[in-house]
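Participant: Protein sequences, first through last, are from chains A and B. Using the numbering used here, you'd call the opening residue of the first sequence number 84 and step up by one each time. Using the numbering used here, you'd call the opening residue of the second sequence number 91 and step up by one each time.
Each hint can be trusted.
FRET-style restraints, in silico, Cβ to Cβ:
hint: 1; chain 1: A; residue 1: Phe391; chain 2: B; residue 2: Asp137; range: 49 to 57 Å
hint: 2; chain 1: B; residue 1: Ala218; chain 2: A; residue 2: Leu413; range: 32 to 40 Å
hint: 3; chain 1: B; residue 1: Arg262; chain 2: A; residue 2: Leu426; range: 52 to 60 Å
hint: 4; chain 1: B; residue 1: Pro236; chain 2: A; residue 2: Trp275; range: 23 to 31 Å
hint: 5; chain 1: A; residue 1: Gly242; chain 2: B; residue 2: Arg333; range: 55 to 63 Å
hint: 6; chain 1: A; residue 1: Gln471; chain 2: B; residue 2: Glu258; range: 34 to 42 Å
hint: 7; chain 1: A; residue 1: Met421; chain 2: B; residue 2: Pro236; range: 37 to 45 Å
hint: 8; chain 1: B; residue 1: Pro412; chain 2: A; residue 2: Val383; range: 55 to 63 Å
hint: 9; chain 1: B; residue 1: Asp213; chain 2: A; residue 2: Leu426; range: 42 to 50 Å
hint: 10; chain 1: A; residue 1: Met421; chain 2: B; residue 2: Thr401; range: 53 to 61 Å
hint: 11; chain 1: A; residue 1: Ser274; chain 2: B; residue 2: Gly347; range: 49 to 57 Å
hint: 12; chain 1: A; residue 1: Met421; chain 2: B; residue 2: Ala218; range: 39 to 47 Å
Think of the hints as simulated: they come from the structure by calculation, not from any bench. Even glycine gets a Cβ: it sits at the ideal position worked out from N, Cα and C.
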Amino acid sequence: MAGTAEDGTMGETAGETAAETSGPADPRQGPGGPAADSRRSTVLPTNSPLLVWAGIGVTLFLLEAGAFFDFVVGLLADTAIAAPAPGPVTSVKPTVVDALEGIERTAESLPTLLSRETVPNGGYWTGQGWEGTFLGLSPAVSWGIRVALIYAYAFAWAGWALLGYRLYRREIRTVAWSPRDDMVDRFRTHSWGKFGLLVVFMFVVMAVFAPALGPTTVEENMRNSYSYEMQYYDTGADEVRTTLIGEANLDSQSTGSNSRVMPFTYDDYGRYHPFGTLPNGRDLFTFITAGSRISLIIGVLSVGLSAFIAATLALTAAYYKGKVDLGSVLLSDAIMAMPQLLLLIMLSTVLADTWIGGIYSGAFILALIFAGTGWTYMWRALRGPALQVSERQWVDAARSFGQKPRTVMRKHMLPYITGYLLIYGSMRLGGAIIAIAGLSFLGLGVAPPTPEWGRAINLGQDYVTTGSWHISLIPGILITLVVTGFNALGDGIRDAIDPQSDTESAAAGRGGGA
Amino acid sequence: MSDRLPTGSARTDDATTDVATDGGTRTDDATTDAAADGDAVTAVDPDALLRVEDLRTVFYTEHEEIHAVDGVSFDVHEGETVGLVGESGSGKSVTARSILGLVDEPGRIEEGAIYYRGEDLTDDNWDAHRGDIAIVFQDPGGSLNPVYTVGNQIREALRIHQGLRGSEARERAVDLLEDVGIPDARRRVDEYPHQLSGGMQQRAVIAMALACDPDLLVCDEPTTALDVTIQAQILDLLAELQREENLAILFITHDMGVIEDATDRVNVIYAGEVVERAPTEALFEDPAHPYTRALLQSIPGRTPPDEQLPTIEGEVPTPTGPATDCRFAPRCPAAFDACTTFHPRHQSLDADGTDRTAACLLHDDTHDRTPAEAFDGTDGFVQSDGFGESGDGPHHTGPHADGGDRS
Numbered sequence: 084m085a086g087t088a089e090d091g092t093m094g095e096t097a098g099e100t101a102a103e104t105s106g107p108a109d110p111r112q113g114p115g116g117p118a119a120d121s122r123r124s125t126v127l128p129t130n131s132p133l134l135v136w137a138g139i140g141v142t143l144f145l146l147e148a149g150a151f152f153d154f155v156v157g158l159l160a161d162t163a164i165a166a167p168a169p170g171p172v173t174s175v176k177p178t179v180v181d182a183l184e185g186i187e188r189t190a191e192s193l194p195t196l197l198s199r200e201t202v203p204n205g206g207y208w209t210g211q212g213w214e215g216t217f218l219g220l221s222p223a224v225s226w227g228i229r230v231a232l233i234y235a236y237a238f239a240w241a242g243w244a245l246l247g248y249r250l251y252r253r254e255i256r257t258v259a260w261s262p263r264d265d266m267v268d269r270f271r272t273h274s275w276g277k278f279g280l281l282v283v284f285m286f287v288v289m290a291v292f293a294p295a296l297g298p299t300t301v302e303e304n305m306r307n308s309y310s311y312e313m314q315y316y317d318t319g320a321d322e323v324r325t326t327l328i329g330e331a332n333l334d335s336q337s338t339g340s341n342s343r344v345m346p347f348t349y350d351d352y353g354r355y356h357p358f359g360t361l362p363n364g365r366d367l368f369t370f371i372t373a374g375s376r377i378s379l380i381i382g383v384l385s386v387g388l389s390a391f392i393a394a395t396l397a398l399t400a401a402y403y404k405g406k407v408d409l410g411s412v413l414l415s416d417a418i419m420a421m422p423q424l425l426l427l428i429m430l431s432t433v434l435a436d437t438w439i440g441g442i443y444s445g446a447f448i449l450a451l452i453f454a455g456t457g458w459t460y461m462w463r464a465l466r467g468p469a470l471q472v473s474e475r476q477w478v479d480a481a482r483s484f485g486q487k488p489r490t491v492m493r494k495h496m497l498p499y500i501t502g503y504l505l506i507y508g509s510m511r512l513g514g515a516i517i518a519i520a521g522l523s524f525l526g527l528g529v530a531p532p533t534p535e536w537g538r539a540i541n542l543g544q545d546y547v548t549t550g551s552w553h554i555s556l557i558p559g560i561l562i563t564l565v566v567t568g569f570n571a572l573g574d575g576i577r578d579a580i581d582p583q584s585d586t587e588s589a590a591a592g593r594g595g596g597a
Numbered sequence: 091m092s093d094r095l096p097t098g099s100a101r102t103d104d105a106t107t108d109v110a111t112d113g114g115t116r117t118d119d120a121t122t123d124a125a126a127d128g129d130a131v132t133a134v135d136p137d138a139l140l141r142v143e144d145l146r147t148v149f150y151t152e153h154e155e156i157h158a159v160d161g162v163s164f165d166v167h168e169g170e171t172v173g174l175v176g177e178s179g180s181g182k183s184v185t186a187r188s189i190l191g192l193v194d195e196p197g198r199i200e201e202g203a204i205y206y207r208g209e210d211l212t213d214d215n216w217d218a219h220r221g222d223i224a225i226v227f228q229d230p231g232g233s234l235n236p237v238y239t240v241g242n243q244i245r246e247a248l249r250i251h252q253g254l255r256g257s258e259a260r261e262r263a264v265d266l267l268e269d270v271g272i273p274d275a276r277r278r279v280d281e282y283p284h285q286l287s288g289g290m291q292q293r294a295v296i297a298m299a300l301a302c303d304p305d306l307l308v309c310d311e312p313t314t315a316l317d318v319t320i321q322a323q324i325l326d327l328l329a330e331l332q333r334e335e336n337l338a339i340l341f342i343t344h345d346m347g348v349i350e351d352a353t354d355r356v357n358v359i360y361a362g363e364v365v366e367r368a369p370t371e372a373l374f375e376d377p378a379h380p381y382t383r384a385l386l387q388s389i390p391g392r393t394p395p396d397e398q399l400p401t402i403e404g405e406v407p408t409p410t411g412p413a414t415d416c417r418f419a420p421r422c423p424a425a426f427d428a429c430t431t432f433h434p435r436h437q438s439l440d441a442d443g444t445d446r447t448a449a450c451l452l453h454d455d456t457h458d459r460t461p462a463e464a465f466d467g468t469d470g471f472v473q474s475d476g477f478g479e480s481g482d483g484p485h486h487t488g489p490h491a492d493g494g495d496r497s
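Can you build the whole structure from these sequences, using the hints too?
Facilitator: Printed below as a string of structure tokens:
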């Protein structure tokens, strides 16, 4: 990507500048500071702001190191299990899987601040107080503390990144201004875009911390609810009893006005449900958080792949023009002519029983199909700008001194269309989330019991007019909010990239059609 | 452009017969002169650093074929500066792009050869000689990618052509910036293009070209976007670099003043064809082609201050097919009948036969030079005193004044 190439050179020059601090006086140096003294930070009150910044980063990472390794190893293990055995050497696979599961167990034992073990909320009432919850607080408060901690932690990372950017801009970078600064500054004054960024950020945090956010887990509450026991306080008998979670769920169903567990209430088993329960008695909040992860993964994977295909094709066609361009137009028109929904339904049915259809409850194959059919829209948006930049003189200049076509495309053309990629990527991501939810609503897409937002709406649609209206409404509002957020972010990026958005003719600027 | 003339279609028919008969007479009657008139004159020096021979670059649009470069030949020797001058749209830049292999679809080099040190580049040999020929474009800001520092872009060329990386490349980039006269190069090397002025940008672009260690520098209107004082500085810089590095320079411009200052030899290009080639001094002293003469007359300094500055009416035609006539004829004050039916070849104007040529029937005594009535009073004439009907240069008209052998 463009950023990487540039950052690489930046790093290089920064290093060299640091090595020759005794050189020409730096104009941004504080008054009176001797030249030999290193620059005094304007961001952090210390002489080595970079070190402090790095220290903060490491500390933040260590707090959640366990969860991180757990996630990475878990992902590897899942892939190893899902992938087909490589050829005749079938004995290798179980060994690999075993080894990975061993590592997974080790990773799980690493201490993690924001886990449900550190701040537990799954306790029971003993008649006098709460047992098994965080500091003996009620499950609702314990859960609230954990959620607050998780979001505080996420915002700490965001702040850390922002601090890093400011440090880089003020202390490390040798130039006082670069064209990208204006984009950042324009975005900072764009309220709608900032709203979008906030929504997207909250959504991403929800997806990333999904296992720790819910009051219970998918495994206990949904997948294998009859394999787990729980304790609860039986008010009639005035004693603590043990039951299977599956049994408890049957008594916590929301199926109309008579039997329901509404948002922000406890069920009869002393379990707290921030968003109430589903018709089958499962916890809606846990369902939503887990669903957000799968939505995000499909969205990012499909949009990322689309963007990659679209950008590659647009740049190649713009560079070589003529027949290559014509070929790409024909190809994309052919794909656009296919009915996307029909193709989705057909392919997901046909491929459902293959190994690739099994990866991540069918989410992976969905992402592939979305990418395969959706890149054309992005390519349409990128083609114009790519053709435009291919006419720029610096492209000819690079070609004239013998730069390789691939490097010319990557270094001299890609940065110009990165903005468009961000805008359309952000907007397509919202579209992908709606599409996945739509498929699940129709009973296609991600296989149950893996949670998906669209399925929650589907499950609740019979109860919309009854007392259990929350089942469809909450995921519906969330989908609307998240998609709006992604679109708002795209709007913000578009206006930030377009220097003419300061003037009134914003529509004429870049990505005006988005 | 025969189709722009009122009697176009009728004349085209004549033209074919004319050419046929004319060709016949020429081979039969003309002796030594005819031999020199033919291909011998357009042939270029085989020892030249760069030889362009009969280059034809055609653009295929939906409606028509545009012959942007239509049979251009010239050569550039080591260490000399050759000018290519003409109006906008005459095919100068396409020539430059053809030489560098930068002609994009829908354009194609259809015919001709471009020899660099005897090797024909049109056989897809450009990649073998990347860097040997470097180009400086007109708009200095446009040649620099705004998202990278100047140093970054010079290092890019250094890495490819001199294999330099890291601090070594950086040092060399600073040296190059110093060579092209950028003050405080050590700081400038880390600046973005927008932080440099136009003149500085052009210097940086020249540094980028020098990073390839070229033998030939193609300068495509390098000073057009700059103001006059900066122009002079850049010209001085180019002259200095040429002395130091023994660079050959192909200088493309529409500015006759720049040509006079900067070049050793000139090729005047019109509608995709070279119409006159001459040593610079000789050309300015005594232009042989009416077009050259008109160009020189339109230089402000060459007309007395109280007179109206002559202009060349009309514009350069866009050649859409092979030439069957003189493409300058519709605008030419000296045009006569034969100009619209016969495509002029280069005629030697010098004793040694190659140094000076012009493609004009005024210098070809095989044609009847009765004034073309079709053009009288139509637009496209320069109504200026300096132009007689049949050319006013006594040196050229004298021996040929009534030399037509056709009746």
